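Enquirer: This is what each chain is made of:
There are 2 protein chains.
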Amino acid sequence: MSKMINMSLEEVHSTTRALLEKQGFNEAHAQSIANTVTAAERDECRHHGLFRIPFYVNGLKSGLATGDKEPTVSDLAPAVIRIDAHYGYSNLALERGDHLLADRARQFGIAALVINHCHSIVALWPEVERLADRGLVGMSFVSASPYVAPAGGTKPLFGTNPMSFAWPRQDGPPFCFDMATSASARGEIQIRMRDGRQLPEGWAIGPDGKPTSDPKQALLGAQLPFGGFKGSALATMIELLAGPLVGDFLSVESGEYDTANTGTCCGGQLVLAMDPIRFMTNGNREQQMAHAEKLFGLILAQEGTRLPSDRRYEARKRTARHGVEVPQSLYETLQALKSGKADGSLNGYEGDHLLKQTTAA
Amino acid sequence: MSKMINMSLEEVHSTTRALLEKQGFNEAHAQSIANTVTAAERDECRHHGLFRIPFYVNGLKSGLATGDKEPTVSDLAPAVIRIDAHYGYSNLALERGDHLLADRARQFGIAALVINHCHSIVALWPEVERLADRGLVGMSFVSASPYVAPAGGTKPLFGTNPMSFAWPRQDGPPFCFDMATSASARGEIQIRMRDGRQLPEGWAIGPDGKPTSDPKQALLGAQLPFGGFKGSALATMIELLAGPLVGDFLSVESGEYDTANTGTCCGGQLVLAMDPIRFMTNGNREQQMAHAEKLFGLILAQEGTRLPSDRRYEARKRTARHGVEVPQSLYETLQALKSGKADGSLNGYEGDHLLKQTTAA
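From first to last, the protein sequence lines stand for chains A and B. Going by this note's numbering, the first sequence wraps up at 1098, each residue one higher than the last. Going by this note's numbering, the second sequence wraps up at 1098, each residue one higher than the last.
Don't take each hint at face value.
Any copy will do: because identical chains look the same in the list, a pair fits if it lies in one copy or spans two.
[Said to hold, decoys possible] Here are the simulated SDA-like pairs of lysine to any residue, each with C-alpha atoms no more than 20 angstroms apart in a straight line:
#1 Lys892 with Leu1044
#2 Lys892 with Glu1030
#3 Lys1054 with Gln954
#4 Lys740 with Gln1065
#5 Lys740 with Arg931
#6 Lys953 with Arg934
#7 Lys1054 with Asn743
#8 Lys1031 with Tyr994
#9 Lys759 with Thr891
#10 Lys1031 with Glu993
#11 Lys947 with Lys1078
#12 Lys806 with His823
#13 Lys740 with Phe966
#14 Lys759 with Gly1060
#15 Lys1054 with His750
#16 Lys740 with His1059
#17 Lys892 with Leu1037
#18 Lys947 with Arg934
Just so you know, the hints here were simulated from the structure itself, not pulled from any lab data. In this text, all values refer to a predicted model and were calculated from it rather than measured experimentally.
Kindly generate the complete structure, drawing on both the sequences and the hints.
Expert: And the structure:
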């Protein structure tokens, strides 16, 4: 077990920001990535936290991702806004889109935000949570690198293609989920490979197209969608919404584009926002919110249940007080990147070097 | 095996329409229900075809559903239309909403249709398929009677809560799926009960809260969401979108409302439409559609795959030529209802009387 270093959330943010600026990101991008990384560490979603920083840097150094382009906003329709990220990371584009999308949703009842030409290595809950913080219902869809076979098939085609959803709550953070349409996260398989553990049934098939419980064969073969044909249908929908609908890459095209094998996917994203009060006849928001609370109450009244983001929200309370624990090896990598002693030319996602650093604890 | 009667699709439509008018539906409702029933028979989706007619009649005779109210249209926001079905069946309200929703989607890029106070015993693919026929992307969400436990829980709370999606294709019917968020349809469990077959793992729990493979225990207990916590999260989202968002029933409330135990759920529905061309910068619709076709081609290039609605579309070709086969017992029930010799006071959904009629073949 590697030694752990305690960092406050402020330190996570300032280190990330300084590091990214040192590595060539402009202030706006460094700030927006630091926001997302810090939010992930705060919620103990470590796979999208400090662990990801070398990936951001790698993407920039590879020449595929940009770190200094201001996203460009345009209107595609009265209720459809487009942001061209100019191959920067989605973090800044999504932040820039927040209030624009919220304003349109309030004006028209429902609105959509298209992000084009963005590199994406974030979770999908931050943007829908921010919409919920503004009192709106949010949904988000993105495709990814091609790792997942369609149901019945044997070869990688879909990304892990997540979708997220958030519903605002008055006395706390939103009801929110962010789920891959694959049976497991890719990182879960990598962790099991490192630990010499087998995979459960239904996660993956090997390069021979046959079900496998061997993590290595799974990584060489294909992941499977969750829930068979249903998950596969959802994954297809997400390919369409984040790809052809918005005029951007399919997951396979994103994979072809990533010639440097950075593991960062490039493409489009779709975010929808609805203003709940514009869906009611009586305009009684309090009643509407209370109605949703009744549902949450009925779910939680059953022993053994939980709401999707409850673990994140519990972590959030902890880390606000106690900060986060970071493996020393990762901490040292971050310090080297911050001081300029390292340049970001680290192993890609498929290597387990970085994974070891993060998960050794 | 019961004797089968061949009916042409025209006969299915005219019989359904005449029967419903005889039983007290007005012309508009009889027509719209006949449209949906015929479309289901055409696609060999028998659970939403002629089999359902006694349920429509039961709902009306129970006094819960209306059969003569014209749906009322109003605007909730520029891109949000509301149709109050006045406790009629959703079929007519959805048909009335088609062009209104399509027009708004073309105008604003994205738009929503809220249906309130409707009884719903239809599949969700007809309305999104009709939107796709108009060149739009459609999504639809509805809750149902409470049969499904939340993941981790043991008591019925959610409906089978389906969602549907359709993407227009230029040379044929759309890419379309319509899926319950429960692991199985309720009818599947009833069929296995009749046939004395066990249930696969993951479908249901008994009244004791423990996993069961006994169909009877499953019907007394609770169905399970598909894909564990992920399906449960989707089911919750659908409860929110078709309930509190639009100011209508949760599945549990729909269950409480159905005092006559008709098995017909009452509540709200949400339909979204997007005009794909309003999501593109270059306005090249042909290119956009070709891009989606590339995805479908890549899926189908893998042996063992299929697109979600392919079976329906294959059936559609068959039945256009050869009509449909209807079990004699069901045929006789329909004739009795059409002539007024029967009044619709048949067994409810939980009884397997009707089920036997339909599935005996």
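Enquirer: If a hint holds in the structure, say so; if it does not, say that too.
Expert: Here's how the hints hold up against the structure:
no., hint, verdict
1, Lys892 with Leu1044, "between (34 angstroms within a copy, 16 angstroms between copies)"
2, Lys892 with Glu1030, "between (43 angstroms within a copy, 18 angstroms between copies)"
3, Lys1054 with Gln954, "neither (39 angstroms within a copy, 42 angstroms between copies)"
4, Lys740 with Gln1065, "within (5 angstroms within a copy, 75 angstroms between copies)"
5, Lys740 with Arg931, "within (19 angstroms within a copy, 61 angstroms between copies)"
6, Lys953 with Arg934, "within (11 angstroms within a copy, 38 angstroms between copies)"
7, Lys1054 with Asn743, "within (16 angstroms within a copy, 66 angstroms between copies)"
8, Lys1031 with Tyr994, "between (47 angstroms within a copy, 17 angstroms between copies)"
9, Lys759 with Thr891, "neither (43 angstroms within a copy, 53 angstroms between copies)"
10, Lys1031 with Glu993, "between (47 angstroms within a copy, 15 angstroms between copies)"
11, Lys947 with Lys1078, "neither (45 angstroms within a copy, 58 angstroms between copies)"
12, Lys806 with His823, "within (6 angstroms within a copy, 53 angstroms between copies)"
13, Lys740 with Phe966, "neither (44 angstroms within a copy, 34 angstroms between copies)"
14, Lys759 with Gly1060, "neither (24 angstroms within a copy, 71 angstroms between copies)"
15, Lys1054 with His750, "within (17 angstroms within a copy, 60 angstroms between copies)"
16, Lys740 with His1059, "within (17 angstroms within a copy, 73 angstroms between copies)"
17, Lys892 with Leu1037, "between (40 angstroms within a copy, 11 angstroms between copies)"
18, Lys947 with Arg934, "within (19 angstroms within a copy, 28 angstroms between copies)"
Violation of the numbered hints given earlier is confined to hints 3, 9, 11, 13 and 14; the remaining hints are satisfied by the structure.
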